[in-house]
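Trainee: These are the residues of each chain, in order.
Number of protein chains: 2
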Amino acid sequence: MPNPIDFYFDFSSPYGYFAAEKMDAIGAQYGRAVNWHPILLGAVFKVSGQQPLLNIPMKGDYAKHDMLRCARWFGLPFNIPSKFPIGSIAPCRAFYWLHDQDAALAKKFALAVYRAYFVDDQDISALEVALNVAVSIGIDKAALTAALNDAAVKERVKHEVDTAIARNVFGSPYMIVDGESFWGADRLDQMERWLEKGPW
Amino acid sequence: MPNPIDFYFDFSSPYGYFAAEKMDAIGAQYGRAVNWHPILLGAVFKVSGQQPLLNIPMKGDYAKHDMLRCARWFGLPFNIPSKFPIGSIAPCRAFYWLHDQDAALAKKFALAVYRAYFVDDQDISALEVALNVAVSIGIDKAALTAALNDAAVKERVKHEVDTAIARNVFGSPYMIVDGESFWGADRLDQMERWLEKGPW
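In order, the protein sequences belong to chains A and B. Quick note on numbering: the first sequence equals residues 154 to 353 in my numbering. Quick note on numbering: the second sequence equals residues 154 to 353 in my numbering.
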């Protein structure tokens, strides 16, 4: 079996959303499984000393425009959310709890979360909103509510974020395949060349 | 006449070098003139609060790898210079002095500076090195030496950098065409679509 693509993203990241919409199709095209790893950029930024994009003078002004243009570039529906960025710990915990039962359903949930946030302007940082997204794809609300308060689930997220940081994941999206790292939706083309040709 | 492409770059920027090697061919393909504007990112970063790429924890480790891979992506010779980044005020002043006499020669000088730095590992921040690059393309050493100490030339650079900052140029390369801004060598593809189709 060829190595999987490790796909790291934050639910609050527009460029993570663009990559998420493309990732499994790219994996399928080149015969690679894709392991999805939502992370919390806030925790990463404490280590790397970065700050949210829109807070950076000059760069922030450009970033909104770039997000909208990149959405058109990738052919994806997109609106800048009213509240941006947000903390994404609730959907992150939900993802890993789901993942350990049904990895495909967890991906379906992740895409539903991204679309709720970046297409329908729902505040996915709110627990109730995250739960409603889960319910909309057939997940049991009571079981998920309990899971979100489970110490093991909280610990699982912490472990995933720590592992990501240890692998030098400093942004979203961030892909690692065969030990090669690619940061940004604008490196999907370079990653595809890697998948097609191997090291280049 | 269609609007020109305004092309902003710092002589110390690898991604600026990649763009510089492509820029005039892209302009020619779509019938656009290209106005080259070297700037000083150090002055820009004071306004935007950014810092040199390699100084950023985690991101800096990735950046070197990305520069090397992007050079291969663009099919360009490239080595990470022994001294990086550097202040680029000497070649910047030389560029504008040349530009006011012969814009084409100034571009030729800019490409020669970039290749001296990113291919031949010459420290272009050193006045003597910048002068030698100029001499290698037939520029009079004594005249350029005098120009580099000319208050009007110094003021010209300051004016160009201030103008760039006023236009929100926060990085290198940064292109503005028809009022539309594109940051990064990885936005050349989006700029080309703009040049081909107009607003999209």
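You may find that some hints are simply not true.
Calculated cross-link-like contacts (lysine-lysine; reagent style DSBU-like; alpha-carbon spacing at most 35 Å) [as the list claims (entries may be wrong)]:
no., chain 1, residue 1, chain 2, residue 2
1, A, K175, B, K350
2, A, K350, A, K236
3, B, K212, A, K350
4, A, K311, A, K175
5, B, K294, A, K199
6, B, K236, B, K217
7, A, K307, A, K350
8, B, K350, A, K212
9, B, K212, A, K307
10, A, K307, A, K175
11, B, K199, A, K236
12, A, K217, B, K350
13, A, K212, B, K294
14, B, K350, B, K294
15, A, K236, B, K212
16, B, K236, B, K350
17, A, K217, B, K217
18, A, K261, A, K199
19, B, K311, B, K260
20, B, K261, A, K175
21, A, K260, B, K212
22, B, K350, B, K307
23, B, K199, A, K217
24, B, K212, B, K294
25, A, K294, A, K212
26, A, K175, A, K199
27, B, K236, A, K350
28, B, K212, A, K217
29, A, K261, B, K212
30, A, K350, B, K217
31, B, K236, B, K311
32, B, K294, B, K261
33, B, K212, A, K199
Simulated coverage check for chain A against chain B, where a stretch passes if three residues somewhere in it have a Cβ under 8 Å from a Cβ of chain B [what the hints assert, rightly or not]:
no., segment
34, 259-273
35, 305-316
It is worth saying that the hints were derived from the structure and are not from the lab. From the three backbone atoms N, C-alpha and C, an ideal C-beta is built for every residue, glycine too.
Trainee: Is the straight-line distance between the alpha-carbon of K217 (chain A) and that of K217 (chain B) 35 Å or less?
Mentor: Roughly 27 Å between the alpha carbons, so the hint for K217 (chain A) and K217 (chain B) holds.
Trainee: Need the status of pair K294 (chain B), K261 (chain B): alpha-carbon distance at most 35 Å?
Mentor: Cα-Cα ~16 Å, so holds.
Trainee: Given the proposed pairing of K236 (chain B) with K350 (chain B), does the C-alpha separation stay at or below 35 Å?
Mentor: violated (41 Å)
Trainee: Assess, step by step, whether the Cα of K350 (chain A) is no farther than 35 Å from the Cα of K217 (chain B), and give holds or violated.
Mentor: Between K350 (chain A) and K217 (chain B) the Cα gap is close to 22 Å, so the pair holds against 35 Å.
Trainee: If you draw a straight line from the CA of K311 (chain A) to the CA of K175 (chain A), is it 35 Å or shorter?
Mentor: holds (26 Å)
Trainee: What's the verdict on K350 (chain B) and K212 (chain A), does the C-alpha distance respect the 35 Å limit or exceed it?
Mentor: holds (26 Å)
Trainee: When you check the alpha-carbon spacing of K217 (chain A) and K350 (chain B), does it fall within 35 Å?
Mentor: With a Cα-Cα distance of about 22 Å, the restraint between K217 (chain A) and K350 (chain B) holds, given a limit of 35 Å.
Trainee: Decide if the proposed pair is consistent with the structure: K350 (chain A) and K236 (chain A), CA atoms, cutoff 35 Å inclusive.
Mentor: violated (41 Å)
Trainee: CA of K236 (chain B) to CA of K311 (chain B), is that 35 Å or under?
Mentor: Holds, at roughly 24 Å.
Trainee: Take the C-alpha atoms of K307 (chain A) and K175 (chain A), compute the straight-line distance between them, and say whether it is at most 35 Å.
Mentor: Roughly 28 Å between the alpha carbons, so the hint for K307 (chain A) and K175 (chain A) holds.
Trainee: Just to be careful, I want the Cα atoms of K212 (chain B) and K307 (chain A) compared with a cutoff of 35 Å; is the pair within it?
Mentor: Measuring from Cα to Cα gives roughly 27 Å; hence the hint holds.
Trainee: Taking a Cβ-Cβ distance under 8 Å as contact, does the segment 259-273 of chain A have three or more residues in contact with chain B?
Mentor: Contact hint for the segment 259-273 of chain A vs chain B: violated, 0 residues under 8 Å.
Hints 2, 5, 7, 13, 14, 16, 20, 22, 24, 25, 34, 35 from the earlier list are contradicted by this structure; the remaining hints agree with it.
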